[in-house]
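Add chain B to chain A, keeping to what the hints say.
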Amino acid sequence: MLFNSFVFLLVFLPITYVVFWRLPNASARYIWLAVTGYIFYGYWNPYFTLLMAFSTLVSYSAGLGILRWQSPAARRCCLVIPITVDLLLLGFFKYTNFLLATTRDVVHLWGVDLHIPTWNIILPVGISFYTFHTITYIVDCYRGTIKPTRNLFEFAAYVSLFSQLVAGPIVRYRQIEEDLEGLGAADRNRWLAIGWSYFVYGMFEKVVVADTLAVFVDAALDQGRYAELSTAGAWLAMLGYTFQLYFDFSGYSNMAIGLGYLFGLRIPLNFHSPYKALDPSDFWRRWHISLSTCLRDYLYVPLGGNRHGEWNTLRNLMLTMLIGGLWHGADWVFVLWGGYHGLLLVCYRLGGRFWDDLPAAVRRFAMFLLVVIGWVLFRAGAAHESEGPPGLPMALQLWKAMFTPTDGVPGMDVGKFLLILVPAAAWAMFGPNAQEVHRDYRWRPVHAIVRAVAFGACVGLIAGGRTSPFLYFQF
Amino acid sequence: MLARLRGSGFAALTLVLFLLGAESSARLDDWLHQNTPIWANPNRARELTVHDRDGIHGRPDGRFKKWQLNTYGFRSPATMDRTPPPGVTRVMILGASETFGLYESEGKEYPGQLAEHLRREGVEASEVINAAMAGMTVHSQLPYWEQWACRFQPRIVLLYPSPLFYLDDEPPHRWPRAAPSAEEEAAPASRFADRLRERVRTLAPVRKVRLEWLLWSRASGTDEDWFYNEVPKDRLQFFLDDLEALVEAVAKRGARPVLLTHAIKAGSPIRAEDREDVRAFRLFASRATEEGIVAFEDAANAGIRRLAADRGIVVIDVAAHLSGRREWFGDLVHFNDAGAAAMAHLLAATLADPRHGLFPQRTRPDGAP
Numbered sequence: 001m002l003f004n005s006f007v008f009l010l011v012f013l014p015i016t017y018v019v020f021w022r023l024p025n026a027s028a029r030y031i032w033l034a035v036t037g038y039i040f041y042g043y044w045n046p047y048f049t050l051l052m053a054f055s056t057l058v059s060y061s062a063g064l065g066i067l068r069w070q071s072p073a074a075r076r077c078c079l080v081i082p083i084t085v086d087l088l089l090l091g092f093f094k095y096t097n098f099l100l101a102t103t104r105d106v107v108h109l110w111g112v113d114l115h116i117p118t119w120n121i122i123l124p125v126g127i128s129f130y131t132f133h134t135i136t137y138i139v140d141c142y143r144g145t146i147k148p149t150r151n152l153f154e155f156a157a158y159v160s161l162f163s164q165l166v167a168g169p170i171v172r173y174r175q176i177e178e179d180l181e182g183l184g185a186a187d188r189n190r191w192l193a194i195g196w197s198y199f200v201y202g203m204f205e206k207v208v209v210a211d212t213l214a215v216f217v218d219a220a221l222d223q224g225r226y227a228e229l230s231t232a233g234a235w236l237a238m239l240g241y242t243f244q245l246y247f248d249f250s251g252y253s254n255m256a257i258g259l260g261y262l263f264g265l266r267i268p269l270n271f272h273s274p275y276k277a278l279d280p281s282d283f284w285r286r287w288h289i290s291l292s293t294c295l296r297d298y299l300y301v302p303l304g305g306n307r308h309g310e311w312n313t314l315r316n317l318m319l320t321m322l323i324g325g326l327w328h329g330a331d332w333v334f335v336l337w338g339g340y341h342g343l344l345l346v347c348y349r350l351g352g353r354f355w356d357d358l359p360a361a362v363r364r365f366a367m368f369l370l371v372v373i374g375w376v377l378f379r380a381g382a383a384h385e386s387e388g389p390p391g392l393p394m395a396l397q398l399w400k401a402m403f404t405p406t407d408g409v410p411g412m413d414v415g416k417f418l419l420i421l422v423p424a425a426a427w428a429m430f431g432p433n434a435q436e437v438h439r440d441y442r443w444r445p446v447h448a449i450v451r452a453v454a455f456g457a458c459v460g461l462i463a464g465g466r467t468s469p470f471l472y473f474q475f
Numbered sequence: 476m477l478a479r480l481r482g483s484g485f486a487a488l489t490l491v492l493f494l495l496g497a498e499s500s501a502r503l504d505d506w507l508h509q510n511t512p513i514w515a516n517p518n519r520a521r522e523l524t525v526h527d528r529d530g531i532h533g534r535p536d537g538r539f540k541k542w543q544l545n546t547y548g549f550r551s552p553a554t555m556d557r558t559p560p561p562g563v564t565r566v567m568i569l570g571a572s573e574t575f576g577l578y579e580s581e582g583k584e585y586p587g588q589l590a591e592h593l594r595r596e597g598v599e600a601s602e603v604i605n606a607a608m609a610g611m612t613v614h615s616q617l618p619y620w621e622q623w624a625c626r627f628q629p630r631i632v633l634l635y636p637s638p639l640f641y642l643d644d645e646p647p648h649r650w651p652r653a654a655p656s657a658e659e660e661a662a663p664a665s666r667f668a669d670r671l672r673e674r675v676r677t678l679a680p681v682r683k684v685r686l687e688w689l690l691w692s693r694a695s696g697t698d699e700d701w702f703y704n705e706v707p708k709d710r711l712q713f714f715l716d717d718l719e720a721l722v723e724a725v726a727k728r729g730a731r732p733v734l735l736t737h738a739i740k741a742g743s744p745i746r747a748e749d750r751e752d753v754r755a756f757r758l759f760a761s762r763a764t765e766e767g768i769v770a771f772e773d774a775a776n777a778g779i780r781r782l783a784a785d786r787g788i789v790v791i792d793v794a795a796h797l798s799g800r801r802e803w804f805g806d807l808v809h810f811n812d813a814g815a816a817a818m819a820h821l822l823a824a825t826l827a828d829p830r831h832g833l834f835p836q837r838t839r840p841d842g843a844p
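Heads up: the protein sequence lines correspond to chains A and B, in order. Under this note's numbering, the residue at position 11 of the first sequence is numbered 11, and the numbers go up by one with no gaps. For any residue, its number in this note's numbering is found by taking its place in the second sequence, counting from 1, and adding 475.
The set of hints was computed from the structure by calculation and includes no laboratory data. Watch out, some of these pointers could steer you wrong.
Claimed, not checked - Partner residues are not named here, just some residues of chain B that face chain A (Cβ under 8 angstroms, in silico): (1) Phe485; (2) Leu492; (3) Leu494; (4) Gly496; (5) Ala497; (6) Glu498; (7) Ser499; (8) Ser500; (9) Ala501; (10) Asp504; (11) His508; (12) Leu577; (13) Phe627; (14) Phe667; (15) Arg670; (16) Arg674.
Being a predicted model, the structure only gives us computed values, none of them experimental. Idealized CB from N, CA, C, for every residue including glycine.
Here chain B stands alone, though its shape is the one from the complex:
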């Protein structure tokens, strides 16, 4: 009996030491490679955003995992002044996580590459600010622009809106969302457990089961009307109204808005190999079918083109060039390194076109004016 107890105790001790080793290595690893303090309990919302009298914006010098913000809370450039340097055209990009960056390697998200691509197109004196914030809808970009982003005096503002937020179960609301509660702040979190949770969640069978369960639970108790059997006109109009208001707000501050249509991995009709990605997106738009998601995307992009034509605004048809190119996306909406490079190349080539008159002194790649 005593021997058995001793054995169990020893096994328990071994397990505890194993877990201690795992937790220690996870924390040391985060510190070594991401500068996360060893004793911290990182939380994405807290580390990357701040709510203050200027509204909601990026946390100055914020850092979470691989994402690092600059002194003004923007994703890039690494260093910048509050006002544009003389003779430099400041370009700002507003958007959500597709612009903020998700799958790209460090520095490879498309705004980070845009300045270099512009230089290749002969635009020497430009600076690109990635002012995107993950999860930010067009509805929230308006106060964000008015209260914070406009202070940095960009001359050109690229708007890369995410229409699919407007298919969420509830329509987009204004930020700020609630800041982390005191309990959340104090609660110790195991980094090892976080890592395991993340690994388990990314396993294909687990992802599938979780997705189907969530979709079922959201839809249970609803009737047929709850589902969008066609493009919801109210949500589409909501999106276009918000976008128009944002365009006006940008123009009112003396900046030139440039509209971008939105690209996704899937084309229309949906290919068999894309269906899983589109279905996975129903986590964020469970009222829509897969076909409905793609149809809403197409309708939103058509609306963006119409808005640009009506207002005489430059529009870059990202959807026409990048949508359907599976090799450029990490999931339905987010670029990988190659996709970000393709996006940067497309934007630079269009922005640098002298017909748009966006850059006052443009030199050809050979140095001639």
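Next comes chain A alone, as it looks inside the complex:
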């Protein structure tokens, strides 16, 4: 079920909202949120709700074990078992065919022709996200950062919360623990206006901006057409994708934040104008903040962080980014993309003082360019229903077209495309983001007017049937 669909807007959300606020206490509301989360997830495929339920039960039970047992060995079991279960689930569904294909290719390199069939494994939507939720929960319980909850439905509501279930943000239990605990006494009107505002803002980013850009970008890049692009066409397509990806993901995250507010929950920010970043570190403090902070706290820091000398710091940076790339997709192209950003971070760490001496405008422009170059790999790895991921050949072809004079076609109606691209780029690079717009938010009549027009614009496009799923669904 997509947020930008009539079944969500006209059926699921109104019913969930009305019933939620009529329920008398926190327990009833936990149950309702858990049930609606499973209905939301099961709308895509009811059988995979069992996986989510299994992961939830394992982590919940492990949390109870941490509460009950004090011996280090028992507590470590309560940490290791749920993490192993979650990683096995993730590994099986997401990485099995990747491992099989890699084995086949490596063995082939040695001249052995081994037939390893591909398994027909469906990747459950959102598995990368809800397994992170359960993993971060149990690690925080183990570290003593949070106290495990005894309430199964409270925990189930947290894991299956429909607003961030399938495409993030990755919300740690500690980030909404206070709001969850206070759900029974929550005031419906307290965050109604800001919630609705965030939701409409995010929907506008996704439906009006990202989906409109997508039509032009896909026309230029899909079904092998990327091979015919001229230099200008390749740059236009990749700039289009750069902003499409941002508005798609940022839009979804803002919709998730808005939905959280509507139900009395404050979901943390996930984007903070990433294309205004001045350096690679700054970029990762602004892009997919929930993921980068998770990688920092649960991977980079446990690896040693920057505590064991320069060489180990660089190694830890690179490892974290490589794994971060692999999280995005079961393809070496995503690992390369992660490695590319790891290299940028490493180079910045080594030569940051030279970089920081440059004027801010130069740094911002250069950083943006570096990000666009990296998105070529990301787009090449993105699978489409009609064709498999084109992979490295597509990335190499696009880079070649972008950086060497290449004759070809523009791939799109340039005039119309620029009508969308220029305002979108200006907004992303110079305009306010959702957080800045909603700072010190107080409802005024003009807000309702603006939101009405924006929401109407979204509904007009949704009615045309040209809605696309969120790009991060595939992760």
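Same frame as chain A, but now just chain B:
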């Protein structure tokens, strides 16, 4: 009281602005992606067809939603000359919406793919014109051919007839149908409302209820004889007579007619998973039962094969190869991308067969004659 009035007024204003936003985005979206002028009130019949002294034919450079016509009002190719280039075999396909294209992605309807498939079969110099028009019966294709299509001098004419039009409540009549009236032309239409209407209509429960209501209302007041309890011989003969007349007309102009049998999603007997599609088609053939629709289709195809045999005409048995293949159809009769590709492949393989002598200089895929 005043506060309540102010509140209601504000709510009304918000609603108006919401609708304004929806209408604006719908129109801008159509302009961006389909080149529909922002202030236009598009109408399919008006945008894609023209009635003039040449009879009825496609509107030159017509455009409606995703469908774009070329300079001569044909669906494809994108550019063409009035007469075939020297050394090029011009192939024309006459048919209805199955050939014009409905569900296929841009450029993927089977005539659009046929030239490429012919090239793969070693036929280098060919040009394929999609001369189909949505809703055109064989009865109307005759004057269309005589007054318009024949001028483009195709050497080969593929006839993909739609037999099920002949099961309509009334027998097929000659085009032109009435052009849009002045009132229809002037009436402003909300694109947002059109989109909503379309979305609501495609909802499965709404479709079902609407279908059952229409079938009931058409049948009410009739007696048992109104329903076709077996294949209506008069309608079948009407179809075959029209087809034979069209074949003669094509041959008389020096072109070689090629007959195609008609394929549908459902097989015989009708599978459970196909019944809904067949029943939905009763909107266009409410006198027939589901079994009757399939039986008429089979009888029409048998008649097409007999006609081809009697006249010594090449026949491509599309029904034998594509009928019953659910994965190739968007509904009972219209192909999807995969089905259109399968159709193009089948046609190319048969047309390129040297035994039929349709292409004078055919080279093998390896370049040898």
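Looking back at the hints listed earlier, which ones does the structure fail to meet? Of the numbered hints, 12, 13 do not hold.
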